Amino acid sequence: MAVNARVNELGLSRNDYKGGVSTLCQGCGHNSISNQIIAVAYEMSLDPHQLIKLSGIGCSSKSPAYFLNRSHGFNSLHGRMPAIATGATTVNRELIAIGVSGDGDTGSIGLGQFKHMVRRNVPIVYIVENNGVYGLTKGQFSATADYGQMLKYAGVNELPPIDICLEALAADASFVARSFAGDSKQVRELLKAAIVHRGTAVLDIISPCVTFNNHEDSTKSYAYGKSREEPLHDITFIPEYEPITVEDQEPGRMRTVELHDGSHLMLKALDPATHDPTDKAAAFRLLEEAREQQLFITGLIYVDENRPTLPEVSHLIETPLVHLPDEKLRPSRAVLDDILRHLTCCD
Amino acid sequence: MTTIESVPLEDMLAERPAIVNDFQIMIATVNGSGSQTANTVLLRAMFRMGIPVSGKNIFPSNIQGLPTWFTIRLSKDGYIARREDYHILVAMNQQTIADDIANLAPGGACYYPEEWGIKHDRDDILYYPMPVKALTETAEAPPNLTSYISNMVYVGVLSTMLNIDLGQIEAALNYHFSGKQKPIQLNMKVVNAAYEWAQDSLAKRDPYRLEPMTATEGMLLINDNSAAALGAVFGGVSFAAWYPITPSTSLIDGLREDLLKYRTDPDTGQATYAVVQAEDEIGAIGMVIGAGWAGARAMTATSGPGISLMTEFAGMAYYAEVPAVIWDVQRMGPSTGLPTRTSQGDLLAAYLLGHGDTHHVVLLPGSIPEVFEFGWRAFDLAERLQTLVFVLSDLDLGMNLWMSDPFEYPDQPMDRGKVLTAEDIERAGRFARYEDADGDGIGYRTLPGIEHPLGAYFARGTGHNERAIYSERPDDWLNNMARLRRKWDTARTLVPAPVVDRGDGAEVGLIAFGTTDACVIEARDRLSEQGLDTSYLRIRALPLNDTTRDFIASHERVYVVENNSDGQMASILHMEYPELAPRIHSIAYADGLPLSPRWLTGAVLEQEGR
Chain A
3 MAVNARVNEL
13 GLSRNDYKGG
23 VSTLCQGCGH
33 NSISNQIIAV
43 AYEMSLDPHQ
53 LIKLSGIGCS
63 SKSPAYFLNR
73 SHGFNSLHGR
83 MPAIATGATT
93 VNRELIAIGV
103 SGDGDTGSIG
113 LGQFKHMVRR
123 NVPIVYIVEN
133 NGVYGLTKGQ
143 FSATADYGQM
153 LKYAGVNELP
163 PIDICLEALA
173 ADASFVARSF
183 AGDSKQVREL
193 LKAAIVHRGT
203 AVLDIISPCV
213 TFNNHEDSTK
223 SYAYGKSREE
233 PLHDITFIPE
243 YEPITVEDQE
253 PGRMRTVELH
263 DGSHLMLKAL
273 DPATHDPTDK
283 AAAFRLLEEA
293 REQQLFITGL
303 IYVDENRPTL
313 PEVSHLIETP
323 LVHLPDEKLR
333 PSRAVLDDIL
343 RHLTCCD
Chain B
8 MTTIESVPLE
18 DMLAERPAIV
28 NDFQIMIATV
38 NGSGSQTANT
48 VLLRAMFRMG
58 IPVSGKNIFP
68 SNIQGLPTWF
78 TIRLSKDGYI
88 ARREDYHILV
98 AMNQQTIADD
108 IANLAPGGAC
118 YYPEEWGIKH
128 DRDDILYYPM
138 PVKALTETAE
148 APPNLTSYIS
158 NMVYVGVLST
168 MLNIDLGQIE
178 AALNYHFSGK
188 QKPIQLNMKV
198 VNAAYEWAQD
208 SLAKRDPYRL
218 EPMTATEGML
228 LINDNSAAAL
238 GAVFGGVSFA
248 AWYPITPSTS
258 LIDGLREDLL
268 KYRTDPDTGQ
278 ATYAVVQAED
288 EIGAIGMVIG
298 AGWAGARAMT
308 ATSGPGISLM
318 TEFAGMAYYA
328 EVPAVIWDVQ
338 RMGPSTGLPT
348 RTSQGDLLAA
358 YLLGHGDTHH
368 VVLLPGSIPE
378 VFEFGWRAFD
388 LAERLQTLVF
398 VLSDLDLGMN
408 LWMSDPFEYP
418 DQPMDRGKVL
428 TAEDIERAGR
438 FARYEDADGD
448 GIGYRTLPGI
458 EHPLGAYFAR
468 GTGHNERAIY
478 SERPDDWLNN
488 MARLRRKWDT
498 ARTLVPAPVV
508 DRGDGAEVGL
518 IAFGTTDACV
528 IEARDRLSEQ
538 GLDTSYLRIR
548 ALPLNDTTRD
558 FIASHERVYV
568 VENNSDGQMA
578 SILHMEYPEL
588 APRIHSIAYA
598 DGLPLSPRWL
608 TGAVLEQEGR
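So the protein sequences, as listed, match chains A and B. When you read off a place in the first sequence, starting at 1, and then add 2, the result is the number in my numbering. When you read off a place in the second sequence, starting at 1, and then add 7, the result is the number in my numbering.
Excised from the complex, chain A in its bound form:
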């Protein structure tokens, strides 16, 4: 290590938080999110050994291999990461869990597990890298795809989208936030808030798919003003892109982000002066209005720091269960003798 290498409070460099080389498409918003996780863990001086990174199946769920190499990871089943998280965080209260899921993983196959995890308030940072499309199976709609959107593979989406944040809120989530993968500063800020949150922190991050969901006919974009010069639908050819970024979002102001295919995404950063994130009814209203206007509001939508977590409602001992010595786990011979005395006939 270079003598002048920058280190954090734990004496670790940013490299100590890195992962393997990403195999996702160039310019994929997911890579940007991975980078923000690395940055935040480094900046917050989180002990990589206390972190666990969990995922389901899909492009997004591959990404835990691309950050935090020093942390245990579990790439589980499609839509089933919440169950793995519930078991692991219950038996070891000291772990900080970062889960990465996608819109198919959370909004479709895993919607049930997602909502029950939220309902239990399992301690985890639960990130949904939301692009409205199935990438690994080459371009089917996901349940979060826009109403009326057109994809080459799938045609026109005739069904309304599932709003991850609304689902979370309806399941009594204690932390709901939305961001855009291109706004790295906001992603970082929300990640930090999510990590210090005690229960389930749902972070729905819009992360456009550069290959399959180009939003040409997206109702989330302005009417596509730009003419489409180049078809990008050839799935055997995946052009390389620079990641899309946005500069600091101004609270309360609407802004438009141009996507790779020239379509647009409408973002509106929440203004803390007008939105109280502890007001659940306001959060519902906000999300529903945004849905009607087909725009994404970003920022911290709702938070309740008082809701007890699953380990708390389970009245768990402070010591992680996995650290209890064997003699605390197996009752003594005297206990068995006592039980048998009670059960035995004719004493």
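By construction, these hints were calculated from the structure, which means they are not laboratory data. Among these hints, one or two may not hold up.
Stated by the list, open to error - Lysine-lysine pairs mimicking DSS-like chemistry, simulated, CA-CA at most 27 angstroms apart:
id: 1; chain 1: A; residue 1: K194; chain 2: A; residue 2: K270
id: 2; chain 1: A; residue 1: K330; chain 2: B; residue 2: K268
id: 3; chain 1: A; residue 1: K187; chain 2: A; residue 2: K270
id: 4; chain 1: B; residue 1: K211; chain 2: B; residue 2: K140
id: 5; chain 1: A; residue 1: K330; chain 2: B; residue 2: K140
Because the structure is a prediction, the values reported are computed rather than measured.
Fit chain B to the known structure of chain A by using the hints.
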């Protein structure tokens, strides 16, 4: 079917001496009428009198209103398998009374509520009407309890007529209500009134009676689900997740009670365990695998439909090599099947659960003490082998009360398997999760939280190399599968060995597993009486080992007895020992009830051409 001979009753009675401690009582009731207390009290009182008993509850998938039958078998010889015929009928269900009476053994006795005024159509049985309503009223119970305590009428009447010790009835009530005097006294009031009424009003003319013995001294009366829960507690279980399903629910109910008692931290009053009711069985097994991966002893309990839902996770845990224990209290399938009836139909499903090339360690307890033992040993095996361990019980074993020898305290400390510490890794200077360092196919694992830069690994169901890195290379795949095969062979040496009882020079061998043990034991005695000596091997776990192969090889004909329709264990034996296949014959039967020795004896003799 019981055949009804037309022998005049008085002749029959004159010819028959007293039949002591060797008959069966059938109590027919309506589900939800509170008869369970009366029935278990009767069973426990007889058990306390030192008489070998077994009780079976045959009940519908229903909360209230459908017919339920409870049989109590008394056997001075200690047989506890299901008996098909019955000699004493307590007919408390008007809906089924005609059939219940039709199937009563000739010379038997039928007790029924006098108010029903039934016709005495059979002249080869005795009818004993009981004034249930009047006797119940003597207790002056609150109206909402009247129907419950009315069942105590037959307890009192049978006590007189069969010679059951009233002191033992009270002791059994005391056990049932954990010493709470109010319900004990209320119930005893009815019992006493009915007892006295029967003494004054009924003339005993049937030959069936009880006499105290000493055959149950030191034994327990318990069901498998309670024993399994206790076994898990003594296995150091820290985490359980489950979704309610008959007939496994009472296992987790028992576990929760036991953990509350034995795993509440004495200093803080906080829990040193967690039990989570999941949203479904997929969630349950996922939580258990998450907990097992993180280093806790974790389990779930379910039945066939739940096993189906756990398939994908089971395949994943096999391949990611995560320890956990799955109890499958089997019920009748396929599909929802007969949810309150028993079967051994999940054997192949559990053994091969998952897609691709998966196979799992399966433990097959055949008695209550074994259920307790496998309850703790399953965790040792799961952590030693870093894999799922299934324990297959069934509804008959799980929900019925069985006599049992006392449980033995675990004879070895908990085996936590190969888990590396930070110091271990520091010493070695490297860590490769799936490397076969010892040649037994079992790698070394680390737990999340380990304080070492090289300590972490990435668990996954996708292809991986020895260092748990994603890999699609054919050689990595082949190496890993070859190691898993070595691990499977190691498992053969670690799982409970079969129990063998060789008949002297017997040509015929019987192979069975699990709950059919009681049936096979009794059927072998019956076969011996008919001149056919047999050997018996009881499989206690999969994978199989050479003992089973040698047993088959050393008998001309081997009959594999099982309570399912397809002969699933026979199929496994055929797969495992194709060269011995011509010797292996299947005797498989499943109608929702436990196998009966009478049936098995006939089935073996038929195959033997006798």
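Here is what the structure says about each hint:
1. A C-alpha spacing of about 21 angstroms is found between A:K194 and A:K270, which places the hinted pair at or below 27 angstroms, so the restraint holds.
2. Pair hint A:K330 plus B:K268 holds up; C-alpha atoms about 13 angstroms apart against a cutoff of 27 angstroms.
3. Restraint check: the Cα-Cα separation between A:K187 and A:K270 comes to about 15 angstroms, which is no more than 27 angstroms; the hinted pair holds.
4. Between B:K211 and B:K140, the direct Cα distance comes to roughly 22 angstroms. Compliance with the 27 angstroms bound is thereby established for this hinted pair.
5. Of the pairs offered as hints, the one joining A:K330 and B:K140 is violated, with about 54 angstroms between alpha carbons and a cut-off of 27 angstroms exceeded.
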